[in-house]
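> Sequence:
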Amino acid sequence: MLHQSSSVSATTRSTSTSSSKYSSRTPPNSRDTSQEGLSWLMTHSWLHYFKTVPGEKLERWVPGVPRCQPLPSQQQRLQPPQAHCSQPLLAKLGMSSKPDVLPVPNPGARHWAETAGDPGAGKPEKADVSLWELQMGGSPGCRAPSTGAVKPRSQRGIPAETAGMRVAVVGAGVSGLTATKCCLDEGLEPTCFEQSQDIGGVWRYTEYIEAGRPSLYPSVISNTSKEMSAFSDFPYPEDFSVFLPNAQLLDYLRRYAEHFSLRGHIKFGTTVVSIRKRPDFATTGQWDVVTEAGGKQTSHVFDAVMVCIGNCSEPSLPLHCFPGIEKFQGQYFHSRQYKHPEVFQGKRVLVVGMGNSGADIAVEASRVAAKVTLCTSQGAWVISRVFDHGYPWDMVFNTRLMSLIRNHLPHPLSWGLINHRANQWFKHENYGLQPEKRCLVRDPVLNDDLPSYILTGRITIKPSVKEFKDNSVVFHNCPEEEPIDIVVFCTGYNVSFPFLEETVVKMENKHASLYKYVFPTHLQRPTLAVLGLIKPLGAIMPVSEMQARWVTRVFKGLCQLPPQSVMEKEVNENKKIQLQWFGLSFDEVLKTDWLAYLDQLTSFIGAKPSVLRLLCRDPRLALTIFFGPCTPYQYRLVGPGRWEGARQAILTQWDRTLKPTRTRVSANSSSLCPSLLTVVGFLLLLATLLFGFQ
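Numbering follows our numbering, in which position 632 of the sequence shown is assigned residue number 661; successive positions increment by one, without gaps.
I should point out that these hints are in silico values taken from the structure, not numbers from a laboratory. For every residue, glycine included, the Cβ atom is placed at its ideal position computed from N, Cα and C. Please note: incorrect hints may appear among the correct ones.
Using 25 angstroms as the maximum straight-line C-alpha spacing, the simulated SDA-like pairs for lysine to any residue come out as follows [to be verified]: (1) Lys-376 <-> Phe-357; (2) Lys-605 <-> Pro-592; (3) Lys-306 <-> Gln-553; (4) Lys-535 <-> Glu-597; (5) Lys-637 <-> Leu-566; (6) Lys-637 <-> Cys-588; (7) Lys-605 <-> Gly-445; (8) Lys-400 <-> Ser-501; (9) Lys-637 <-> Tyr-626.
Derived Cβ-Cβ restraints for the label pairs, each shown as a range [stated by the list, open to error]: (10) Leu-348 <-> His-551: 29 to 35 angstroms; (11) Ser-695 <-> Gln-589: 56 to 62 angstroms; (12) Ser-493 <-> Ala-276: 31 to 37 angstroms; (13) Lys-535 <-> Ala-240: 23 to 29 angstroms; (14) Arg-396 <-> Gly-193: 53 to 59 angstroms; (15) Gly-486 <-> Asp-317: 58 to 64 angstroms; (16) Lys-325 <-> Ala-240: 17 to 23 angstroms; (17) Lys-604 <-> Thr-485: 41 to 47 angstroms; (18) Ala-276 <-> Lys-535: 37 to 43 angstroms; (19) Asp-477 <-> Ser-345: 23 to 29 angstroms; (20) Leu-446 <-> Gln-589: 35 to 41 angstroms; (21) Glu-537 <-> Gly-193: 33 to 39 angstroms; (22) Thr-485 <-> Val-694: 32 to 38 angstroms; (23) Val-397 <-> Glu-602: 46 to 52 angstroms.
Please build the complete structure, drawing on both the sequences and the hints.
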């Protein structure tokens with residue numbers, strides 16, 4: 030699951046909010062979708078024997094919107110939002126200069142480093158951007174921005190000593206964009222450096238492969254649903270697909286940057302050459318940053334640095350782990366070089382590695398190749414994006430109820446339940462995919478086609494490679510040779526910070542030692558942070574955003590880090606746990622529980638919602654938060670950056686999810702309305718019992 034970055038200009042929004050959908054306290058009128066969403070809550074909270082009531086009736090027992098008293102210094106920022114019509118987007122976005130490119134694989138070359146050609150050279154990438162505004166109700170093209178929208182400093186209560194704090198943001202992908210925006214929300218002065226000519230990071234497709242940039246193939250689709258992947262104060266439009274093609278996700282990032290006026294803070298075509306501590310770092314925490322643009326280097330001084338380059342730029346190709354590869358006469362390359370399946374036409378293909386890219390490439394290759402073999406040393410849990418009753422997998426899996434079950438049941442019982450759940454779609458052992466270790470060891474592979482392609486003989490699963498021959502391969506526990514023509518190594522990526530001194534971010538066994546995956550533990554001043562260097566079992570966008578919200582408050586001194594000894598102890602203990610659970614690989618060590626990690630970061634800044642308190646003030650919202658999917662809007666209900674539209678965004682999350690799929694509604698559809706008091710009473714009782722275990 031890929032993802033990274035953000036920034037905003039100081040503009041004051043005006044216009045009435047009376048028509049704003051997200052600031053309204055009335056329930057939505059779309060009976061079908063509201064009913065469907067509530068029905069899901071019942072079904073997946075062990076209340077499947079109940080039906081739901083329409084949202085209009087449920088409103089009768091809702092006391093109203095909870096009122097949180099802001100701190101005096103936040104008073105201006107927590108005023109009700111005003112509707113705003115943003116400036117029209119540019120119809121076209123192009124690249125003004127030709128980037129450095131790497132070759133893509135072609136059938137005539139043995140290894141990707143030997144290939145030639147530059148299909149994208151001299152052809153500036155252009156992308157159509159529709160003139161769309163994220164509509165929150167009211168007149169078309171208008172929306173109510175979050176209370177985190179940038180305002181004049183005099184209105185934000187920014188401390189004088191941090192009001193002019195200059196922050197360097199490296200990279201304008203998912204993490205860099207949200208980092209820039211969070212800096213502006215906190216009254217800091219960000220400058221984002223992006224080496225390419227556009228935003229988007231890994232989600233911006235180019236036909237050519239740019240040096241030092243992530244690369245993706247055009248068929249990539251997000252592995253997390255749009256509601257779970259949204260920035261917490263900027264929902265996706267309801268007509269966007271539930272799982273987003275890369276072009277649509279890039280469109281969302283462009284709209285995000287446009288809405289919050291981030292482009293004015295980004296320097297495109299600028300490469301960060303070096304970042305070094307200044308001589309007086311112990312007292313100032315400042316950094317010397319050298320950048321290069323147009324062949325000219327420039328030096329800057331920044332008070333803080335946010336590194337947002339992700340972990341998909343430097344491919345890991347451990348050829349020494351594959352005996353005989355030097356004798357192999359066929360073609361081989363890393364998955365980063367892959368673009369189109371035509372390279373496999375009529376060939377016998379071996380895909381090494383059982384991650385998301387490996388499964389995707391194997392499926393695509395099998396449609397044109399003579400034969401496809403997918404080898405894996407550890408196996409993997411393969412799940413579909415479509416889960417129970419057709420709902421997105423992450424909206425079923427990442428709920429507070431499910432998290433409570435996973436974390437509080439005895440481990441053998443928890444593992445057994447997840448093992449059983451993972452095998453409900455198909456029995457992994459029968460397909461040669463059963464993981465070698467515990468069920469929580471591997472990040473699930475999201476692929477809707479792999480099981481059927483194995484079943485129909487298009488793809489064959491094999492164990493790890495033992496040895497390569499001239500035109501064949503031998504697998505462990507398989508004495509016969511398998512003839513092959515092309516090998517695709519889906520072996521992941523390395524962590525690399527080429528512009529940093531080695532002592533800034535300490536690396537051990539290719540793993541970065543970072544407190545909470547963000548802060549180096551040994552710096553005298555906590556003025557450098559790494560964002561997005563994590564593999565959560567969920568969407569990366571909310572994680573990067575939450576990291577940025579925490580980091581900016583640490584920069585301002587509003588949040589304090591523990592002493593160095595405490596941070597180092599936690600990092601070391603966490604490494605032991607991660608190695609025990611996930612193994613030695615870079616990808617596995619970066620993995621963490623998505624919901625638990627978000628809750629931890631939000632608790633640092635006071636933005637974690639209390640379900641028990643909400644249960645008294647707003648039962649409908651509390652029960653939706655606990656039993657329903659943990660969408661990022663939950664972290665805008667309270668605390669710094671509180672957004673008035675968060676409540677309505679949560680209550681209408683299923684409306685936006687089901688909108689693109691419910692294109693035909695049967696005339697015979699009906700609803701059963703059981704006793705409202707029975708449903709509410711049972712939910713309250715169950716919630717009380719469950720919270721008692723926390």
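> Against each hint, give a clear statement of whether it holds in the structure.
Status of each hint after checking the structure:
Of the pairs offered as hints, the one joining Lys-376 and Phe-357 holds, with about 15 angstroms between alpha carbons and a cut-off of 25 angstroms not exceeded. Only pairs whose Cα atoms come within 25 angstroms are accepted, and Lys-605 paired with Pro-592 is accepted, the gap being roughly 21 angstroms. Of the supplied pair hints, the one linking Lys-306 and Gln-553 holds, its CA atoms being roughly 11 angstroms apart against a limit of 25 angstroms. Between Lys-535 and Glu-597, the direct Cα distance comes to roughly 12 angstroms. Compliance with the 25 angstroms bound is thereby established for this hinted pair.
The straight-line distance between the Cα atoms of Lys-637 and Leu-566 is roughly 19 angstroms, inside the 25 angstroms bound, and the hint therefore holds. Distance hint between Lys-637 and Cys-588 is fulfilled; the C-alpha atoms sit about 15 angstroms from each other, no more than 25 angstroms. Of the pairs offered as hints, the one joining Lys-605 and Gly-445 holds, with about 23 angstroms between alpha carbons and a cut-off of 25 angstroms not exceeded. Our distance criterion of 25 angstroms between C-alpha atoms is met by Lys-400 and Ser-501, whose separation comes to about 13 angstroms.
For the hint pairing Lys-637 with Tyr-626, the CA-to-CA distance comes to about 11 angstroms; that is within 25 angstroms, so the pair holds. Between Leu-348 and His-551 the CB atoms are about 34 angstroms apart, so this pair conforms to the stated range of 29 to 35 angstroms. At about 57 angstroms, the CB distance of Ser-695 to Gln-589 agrees with the hint of 56 to 62 angstroms. A hinted range of 31 to 37 angstroms holds for the C-beta pair Ser-493 and Ala-276, which are about 35 angstroms apart.
At about 26 angstroms, the CB distance of Lys-535 to Ala-240 agrees with the hint of 23 to 29 angstroms. The supplied range of 53 to 59 angstroms is met by Arg-396 and Gly-193, whose beta-carbon atoms lie about 57 angstroms from each other. At about 60 angstroms, the beta-carbon gap between Gly-486 and Asp-317 stays in the expected band of 58 to 64 angstroms. For the hinted restraint 17 to 23 angstroms between Lys-325 and Ala-240, the CB-CB distance of approximately 19 angstroms keeps it satisfied.
Against the hinted window of 41 to 47 angstroms, the Cβ-Cβ separation of Lys-604 and Thr-485 comes to about 43 angstroms, which satisfies the hint. As the Cβ distance of Ala-276 to Lys-535 is approximately 38 angstroms, the hint placing it in 37 to 43 angstroms holds. A C-beta distance of roughly 27 angstroms is found between Asp-477 and Ser-345, which places it inside the suggested range of 23 to 29 angstroms. At roughly 39 angstroms, the beta-carbon separation of Leu-446 and Gln-589 lies within the given 35 to 41 angstroms, and the hint holds.
Range check, Glu-537 to Gly-193: Cβ separation about 37 angstroms, and the 33 to 39 angstroms hint holds. Our hint of 32 to 38 angstroms for Thr-485 and Val-694 holds, since their Cβ atoms are close to 34 angstroms apart. Between Val-397 and Glu-602 the beta carbons are some 48 angstroms apart, a value that agrees with the proposed interval 46 to 52 angstroms.
Hint compliance for this structure: every hint is met.
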